[in-house]
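> The chain contents come next:
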Amino acid sequence: MTSLEKLSIEKSVPGRRGVRFARPEKPASAWLPESALRKTPPRLPELSEFDVVRHYTRLSRLNYCLDTHLYPLGSCTMKYNPRANEEIAALDGFAGLHPAAPDAAAQGTLEVLWRLEKMLCALTGLAAFTLQPAAGAHGEFTGILIAAAYHRARRDRKRTEILVADSSHGTNPASAALGGFAVKTVASRPDGRLDLAALQAALGPQTAMVMLTVPNTLGLFERQIREIADAAHAAGALLYMDGANFNALMGLAKPADFGVDVLHLNLHKSFSTPHGGGGPGSGPVGVAAALEKFLPVPRVAEKNGKFVLKTNVRGSIGRVRSWAGNVGVALKAYAYLRGHDAAGLRSIAENAILNANYARAKLKDLFPPAVDEACLHECVLQTEPERLNGIKTLDVAKRLLDFGFYAPTIYFPLIVHEALMIEPTETEAKETLDAFVDALRAIHAEALADPERVRTAPHELPVKRLDELAAARNPNVAWG
Amino acid sequence: MYSPHTETDRAAMLRAIGADSLDALLAQIPADLRAGVADWPAALAAPELLAHARALAAKNKPLACFAGGGARDRFVPAAVKALTQRGEFLSAYTPYQAEASQGTLQAIYEFQSSVCALYGMDAANASLYDGATALAEAVAAAARIAGRKKILVPESLHPEWRAVLATYFAAKGEPIFETVPCPTGRMAPDELARRLDDATAAVVVATPNFFGLLEDGAALAALARAQGALTIAVADPVSLGVLEAPGTWGADFAVGEGQGLGNALNYGGPYLGLFACKKAHVRHVPGRICGLTTDAAGKRGFVLTLQAREQHIRRERAASNVCSNEALCALAATIHLALLGPAGLREVAELSVDKAHRLAEKLAAVPGFRLRFDGPFFDEFALECPVPAERVRHALLKEGVLAGIPLGGYDPAWKNVLLVGATELRTGEEIDRFAAALGRAAT
Chain A
1 MTSLEKLSIE KSVPGRRGVR FARPEKPASA WLPESALRKT PPRLPELSEF
51 DVVRHYTRLS RLNYCLDTHL YPLGSCTMKY NPRANEEIAA LDGFAGLHPA
101 APDAAAQGTL EVLWRLEKML CALTGLAAFT LQPAAGAHGE FTGILIAAAY
151 HRARRDRKRT EILVADSSHG TNPASAALGG FAVKTVASRP DGRLDLAALQ
201 AALGPQTAMV MLTVPNTLGL FERQIREIAD AAHAAGALLY MDGANFNALM
251 GLAKPADFGV DVLHLNLHKS FSTPHGGGGP GSGPVGVAAA LEKFLPVPRV
301 AEKNGKFVLK TNVRGSIGRV RSWAGNVGVA LKAYAYLRGH DAAGLRSIAE
351 NAILNANYAR AKLKDLFPPA VDEACLHECV LQTEPERLNG IKTLDVAKRL
401 LDFGFYAPTI YFPLIVHEAL MIEPTETEAK ETLDAFVDAL RAIHAEALAD
451 PERVRTAPHE LPVKRLDELA AARNPNVAWG
Chain B
481 MYSPHTETDR AAMLRAIGAD SLDALLAQIP ADLRAGVADW PAALAAPELL
531 AHARALAAKN KPLACFAGGG ARDRFVPAAV KALTQRGEFL SAYTPYQAEA
581 SQGTLQAIYE FQSSVCALYG MDAANASLYD GATALAEAVA AAARIAGRKK
631 ILVPESLHPE WRAVLATYFA AKGEPIFETV PCPTGRMAPD ELARRLDDAT
681 AAVVVATPNF FGLLEDGAAL AALARAQGAL TIAVADPVSL GVLEAPGTWG
731 ADFAVGEGQG LGNALNYGGP YLGLFACKKA HVRHVPGRIC GLTTDAAGKR
781 GFVLTLQARE QHIRRERAAS NVCSNEALCA LAATIHLALL GPAGLREVAE
831 LSVDKAHRLA EKLAAVPGFR LRFDGPFFDE FALECPVPAE RVRHALLKEG
881 VLAGIPLGGY DPAWKNVLLV GATELRTGEE IDRFAAALGR AAT
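Chains as they are written, first to last, in this note's numbering: chain A, 1 to 480; chain B, 481 to 923.
By construction, these hints were calculated from the structure, which means they are not laboratory data. Do not rely on the hints blindly, as some may be mistaken.
Computed footprint of chain A on chain B, listed as stretches where at least three residues anywhere in the stretch have a Cβ under 8 Å from a Cβ of chain A [to be verified]: (1) 563-577; (2) 622-636; (3) 671-678; (4) 701-708; (5) 717-725; (6) 817-823; (7) 868-882.
Beta carbons: idealized from backbone N, C-alpha and C, even for Gly.
Take these sequences, add in the hints, and give me the full structure.
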């Protein structure tokens with residue numbers, strides 16, 4: 001089998017070293033029992049520093065990334081990651097701080113965490129935030145535990161069910177199930193919004209919470225959000241907002257005004273922190289005043305200009321992870337927000353909405369939108385295989401790679417047939433969008449003239465289409 | 481601020497859309513639900529922003545770090561930082577389009593392989609949030625596999641990790657956790673045997689444990705197996721440079737906090753949850769997994785695999801809700817391990833052991849102080865103080881030393897216990913300064 005790039009272990013040369021340390025005065029065997037020591041060393045590569053630098057630099061060049069290519073992944077908000085924020089988070093004073101350092105030695109970091117929480121409160125209108133959750137799904141799970149604690153505190157033990165929209169992210173039902181709740185799915189209407197009548201029919205004394213993404217995964221605002229909130233509250237349930245798409249609301253609208261009780265934000269989406277190839281993220285959770293006491297510990301508090309980390313809070317659900325959260329990510333989000341004034345925040349949302357509508361307008365004749373109206377931060381279009389010689393969304397996505405664009409999110413939301421979910425974000429320029437539109441239009445034409453070319457794409461990438469079925473049938477997940 | 485749009489761009493785009501104004505695009509948001517932010521500070525220009533951040537960073541006190549508890553002040557080679565800051569890694573996302581993400585995917589495969597090599601396991605995932613949440617996922621998987629509800633957790637497991645387990649499963653009400661007391665600082669086999677029964681899904685064995693002590697993993701795992709229970713090992717990956725791999729001594733799952741592999745302390749995050757297991761359990765692994773495959777031309781390549789376990793396919797029936805993980809931290813660990821190799825990792829482990837033992841000898845020689853527990857320890861130890869440990873730590877701050885973690889906050893019975901550790905970075909001078917100041921701290 002030929003390979004693109006050898007594995008690090010295949011480049012290994014016995015005896016080669018990448019970094020050396022001083023010799024210990026005594027070996028481990030002087031201090032530890034022989035029976036505890038490992039008999040064979042772990043099979044790790046032996047490489048020089050230069051070998052390692054070249055290897056991973058070469059690997060990096062096999063990636064498309066935001067810095068090199070438009071990365072229009074819907075619901076992921078792949079916006080530019082400002083380098084100033086990287087520099088700030090890496091300052092020794094922040095990066096070198098041990099999490100068990102006493103408050104007196106951690107005032108700078110605690111102040112940032114406290115200020116960031118307050119800024120997120122101002123943006124959402126909610127009473128309090130926790131920065132503990134490490135990612136969006138972790139935030140959802142935290143929100144679900146808060147809902148469980150809320151109902152338990154009211155001795156309302158019959159609330160065993162959580163309602164999610166059929167357009168929701170998969171993490172919503174998965175998080176609810178992890179919290180021990182039964183999940184019931186509520187249908188959307190043809191206009192992409194939650195069916196209020198269906199929701200009302202599903203609500204009852206068993207409903208703990210309704211989870212809704214706003215704007216939803218079709219890039220549309222839930223116009224009846226107030227009615228949805230009222231219906232949930234009238235039934236004794238809470239309303240959770242999945243804030244993955246908060247970029248569309250930044251500085252424009254506050255979820256607290258919608259009647260939202262609990263929400264999570266994604267600092268790695270709306271707040272510009274890098275996605276890192278799949279994390280680290282950060283999923284702060286905000287709550288209405290009545291739910292504040294349930295937030296996880298530790299909590300940051302301020303007293304006379306001094307900041308403290310509180311670990312004992314009556315009513316708290318407890319710890320959802322060790323230490324104080326993805327602080328390094330929070331620092332970047334804080335720096336991002338301090339670089340904007342109120343008008344600047346609003347322009348984030350406006351330009352994101354402008355870009356998505358521009359892409360939509362320029363493509364809708366060839367790739368029909370799932371819902372025929374203006375969108376917010378993202379648009380969901382469809383490939384029509386029956387008119388394109390059987391060419392599917394997957395083929396279009398792979399061919400886009402050949403044209404120098406990462407693919408949109410595909411086949412999501414699940415309620416849309418052959419979905420192409422496009423979120424350009426506000427940091428992309430008009431000329432980049434024009435090139436992207438031209439590429440998709442060219443692929444459409446190619447699907448009519450030379451479908452085989454599209455069906456067998458990609459052609460220009462380091463590898464051809466990869467066999468996912470074979471990978472799953474006989475999993476090879478480590479060099480062994 | 482980071483939008484490139486000029487007024488001309490905006491006007492041209494609105495024209496193309498057929499909208500009169502930007503407001504027209506917002507029509508679907510009811511007017512009474514639109515509200516800008518109030519009381520927002522003025523924007524800081526780039527130089528002022530950096531100065532503001534520097535001033536805040538300067539409010540944190542630089543200290544010689546003898547604290548551990550799963551967060552370690554270790555050497556990070558410059559190449560780790562330089563490579564992980566490359567935009568190609570930094571600004572990519574979960575490799576959904578494999579053909580355009582082979583760099584990230586191969587790095588994940590190398591990460592999984594390195595984790596398997598350290599822990600003596602067959603399969604690993606692309607990472608989880610931190611060690612504590614990795615343990616929670618392992619517990620969930622073990623309970624599902626065993627079809628049993630009881631999990632035995634030793635008192636020698638990090639109290640924050642025990643707290644996370646309690647939080648994770650409180651709403652669901654299962655599995656049920658039973659604590660195995662560890663008066664000697666370690667889990668005694670007969671204490672475990674007494675609690676093992678046919679309802680026990682798994683036993684958690686941390687070694688080195690929270691107090692730095694080595695457990696008899698082989699004996700504990702054998703007891704568990706005899707009752708049909710699984711063993712979940714918790715181990716510091718750096719310790720595995722010299723210690724026997726959990727997979728070799730009989731663990732079915734292994735998890736760990738991977739921060740010490742190339743990642744900064746960062747006041748607690750982002751950290752790196754390591755998760756590995758034996759082959760039989762691969763379909764119960766949470767989160768992303770990268771697998772080797774071939775492309776249409778027969779060339780080797782990598783994809784995300786076994787996705788039928790995951791939330792975006794299975795929704796409420798998924799093995800876990802994990803979506804984003806700690807990919808960039810995992811990349812740092814992968815590069816770190818490639819730079820160190822088996823010999824470098826062994827050196828780091830041996831230096832840490834050696835320095836921790838020298839430190840322990842010096843601190844225990846200070847009148848009034850002694851080691852709380854007997855038994856072999858790795859690079860951390862519990863120091864019994866004659867006064868509350870909180871007071872000792874406070875006194876040492878003035879000497880520029882973070883003496884350790886006072887354990888009274890976790891358990892009042894540990895009020896006088898300070899958890900102290902050393903890594904390869906602590907110098908002889910710092911160790912001597914610590915020991916010299918300790919005598920003064922007790923008075």
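> Examine the stretch 701-708 of chain B: at least three residues should have C-beta closer than 8 Å to a C-beta of chain A.
violated (count 0)
> Mind taking a look at whether chain A covers the stretch 817-823 of chain B? Criterion is 3 or more residues with CB to CB distance under 8 Å.
It holds, with 7 qualifying residues against the three required.
> Counting residues of the stretch 622-636 of chain B whose CB is closer than 8 Å to a CB in chain A, do you get three or more?
Answer violated; 0 residues pass the 8 Å Cβ test.
> Count the residues of the stretch 868-882 of chain B with a beta-carbon closer than 8 Å to any beta-carbon of chain A: does the count reach three?
holds (count 4)
> Examine the stretch 563-577 of chain B for residues whose CB is less than 8 Å from any CB of chain A, and state whether their number is three or more.
This one holds; 14 residues, not fewer than the three required, reach chain A with a Cβ under 8 Å.
> Are at least 3 residues of the stretch 717-725 of chain B within less than 8 Å of chain A when you compare beta carbons?
Holds: 6 residues of the stretch 717-725 of chain B have a Cβ under 8 Å from chain A.
> At a Cβ distance under 8 Å, does chain A reach at least three residues of the stretch 671-678 of chain B?
Violated: only 0 residues of the stretch 671-678 of chain B have a Cβ under 8 Å from chain A.
Of the numbered hints given earlier, the model fails hints 2, 3 and 4; all others are met.
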